[in-house]
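Enquirer: Numbering (this note's numbering), first residue to last: 576 to 686.
A couple of the hints might just be wrong.
Said to hold, decoys possible - Pair ranges (Cβ atoms, derived):
| no. | residue 1 | residue 2 | range |
| --- | --- | --- | --- |
| 1 | Val603 | Pro652 | 38 to 46 Å |
| 2 | Leu676 | Ser577 | 36 to 44 Å |
| 3 | Arg610 | Leu680 | 13 to 21 Å |
| 4 | His651 | Gly612 | 51 to 59 Å |
| 5 | Leu625 | Leu659 | 35 to 43 Å |
| 6 | Leu669 | Phe613 | 18 to 26 Å |
| 7 | Arg610 | Leu659 | 16 to 24 Å |
Since the hints were made in silico from the structure, they are not lab data. For each residue, glycine too, the CB sits at the ideal point set by N, CA and C.
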Amino acid sequence: MSRRSLALFAGLAGGPVLWAVCTQLGPVLPYAECRAGFPVLAPIAFAAALISVTFGAWAWSVARAADAQPPGAFPHPRLFLARLGALTGLIFALALFYQALASLLLSGCER
């Protein structure tokens, strides 16, 4: 697998996988947060959002390389996938950011 293909795959699948992991940790970690007295999920979700943005930026770098074609040339399919990967990384980073904010607002000890 080439670096470009890996960047496209990371941009398209990295954010959704990170979001799915944080969503699965969401119901489990409030018990640990309540016992520990400090937020556990928020740093994990913020780190996942940062990684998702990084994956999106990596995919965007492939888009910039694929965009360097002569004018009037048919756009390469990699350009569409790279832009879609960059957008996917940003959208899921936003979702992870909101999930981290929610875990800061609600401590998990509310019953």
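Enquirer: Next, verify each hint and record whether it holds.
Expert: Structure-based check of all given hints:
For the pair Val603 and Pro652, the beta carbons lie near 40 Å from each other, so the given range of 38 to 46 Å is met. Between Leu676 and Ser577 the beta carbon distance is about 37 Å. The supplied range of 36 to 44 Å therefore holds. A hinted range of 13 to 21 Å holds for the C-beta pair Arg610 and Leu680, which are about 19 Å apart. Distance hint check for His651 and Gly612: the Cβ-Cβ separation is about 53 Å, which falls inside the suggested range of 51 to 59 Å.
With their beta carbons about 20 Å apart, Leu625 and Leu659 fall outside the hinted range of 35 to 43 Å. The beta-carbon spacing between Leu669 and Phe613, approximately 24 Å, falls within the hinted interval of 18 to 26 Å. Range check, Arg610 to Leu659: about 41 Å between beta-carbon atoms, so the 16 to 24 Å window is missed.
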